[in-house]
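Listed below are the residues making up each chain.
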Amino acid sequence: ETGVTQTPRHLVMGMTNKKSLKCEQHLGHNAMYWYKQSAKKPLELMFVYNFKEQTENNSVPSRFSPECPNSSHLFLHLHTLQPEDSALYLCASSPRSTGNTEAFFGQGTRLTVV
Amino acid sequence: AQTVTQSQPEMSVQEAETVTLSCTYDTSENNYYLFWYKQPPSRQMILVIRQEAYKQQNATENRFSVNFQKAAKSFSLKISDSQLGDTAMYFCAFMKPHSAGGSQGNLIFGKGTKLSVKP
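Chains as they are written, first to last, in our numbering: chain G, 5 to 118; chain Z, 7 to 125.
Hints in this document: simulated from the structure, not taken from any laboratory.
Be a bit skeptical, because a hint or two may be false.
What the hints assert, rightly or not - Straight line, CA to CA, 16 angstroms or less: simulated EDC-like cross-link-like pairs of lysine to aspartate or glutamate:
#	chain 1	residue 1	chain 2	residue 2
1	Z	Lys-117	Z	Glu-16
2	Z	Lys-102	G	Glu-106
3	G	Lys-45	Z	Glu-16
4	Z	Lys-117	G	Glu-48
5	G	Lys-44	Z	Glu-35
6	Z	Lys-124	Z	Glu-35
7	Z	Lys-76	Z	Glu-35
Stated by the list, open to error - Only some residues are given here: those of chain G computed to face chain Z with a beta carbon under 8 angstroms:
#	residue
8	Met-19
9	Lys-23
10	Ser-24
11	Glu-60
12	Leu-92
13	Leu-94
14	Glu-106
15	Phe-109
We put the CB at the ideal spot given by N, CA and C, even for glycine.
So here's chain G without its partners, still in its complex pose:
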């Protein structure tokens, strides 16, 4: 247990649905991240938040909308997804976005878009 909790663990949604993924950490970290892990592809960084401010968006389609209301919580709002968006979505946090300190990952949400 790394202290980063993601819910739900599994999610099946239709292409017209709206759903949200949640990530929570009580490690006192100030930086949080969303990664996408697709089969047979490297993990891809999607978004970076530092002190609740988005500092990076790696050309992610607008059907993915992140929200960071405070340093402990991170959401990924999903809307009109495509089947190719099916993947494992991993959240991570770190003390800050600078310096060589460890990033802690959650167990991910397995998303299936039907």
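Given chain G, work out where chain Z should sit, using these hints.
Frame of chain G, contents of chain Z only:
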């Protein structure tokens, strides 16, 4: 752009034996960090070991050690006395220093090596 290559999609090793996982990377940076992460079936990514590029000494964590060859841009992971619990996906990852726009959560990963430890 930085890239990380893991050329072994799958490997297996007998319990108690030693196995080495390969990783090469490409970068024009001089200072950076390298990591090995383990992802067991539980899906949680767990940091195994890390190496700062400016350190010549290879990092070691108990049964895990690396062979860092900076000139060759190679960063292999050696697991000694393999245990059944070592069965997992292993990912090599690269991080630029903050001065070059990197952060410890902004990692570039390889595709992973699936390691199976057999009894």
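Comparing the hints with the structure gives:
| no. | hint | in the structure |
| --- | --- | --- |
| 1 | Lys-117(Z) to Glu-16(Z) | 11 angstroms, holds |
| 2 | Lys-102(Z) to Glu-106(G) | 14 angstroms, holds |
| 3 | Lys-45(G) to Glu-16(Z) | 14 angstroms, holds |
| 4 | Lys-117(Z) to Glu-48(G) | 10 angstroms, holds |
| 5 | Lys-44(G) to Glu-35(Z) | 27 angstroms, violated |
| 6 | Lys-124(Z) to Glu-35(Z) | 39 angstroms, violated |
| 7 | Lys-76(Z) to Glu-35(Z) | 11 angstroms, holds |
| 8 | Met-19 | 25 angstroms, violated |
| 9 | Lys-23 | 19 angstroms, violated |
| 10 | Ser-24 | 19 angstroms, violated |
| 11 | Glu-60 | 7 angstroms, holds |
| 12 | Leu-92 | 7 angstroms, holds |
| 13 | Leu-94 | 7 angstroms, holds |
| 14 | Glu-106 | 5 angstroms, holds |
| 15 | Phe-109 | 4 angstroms, holds |
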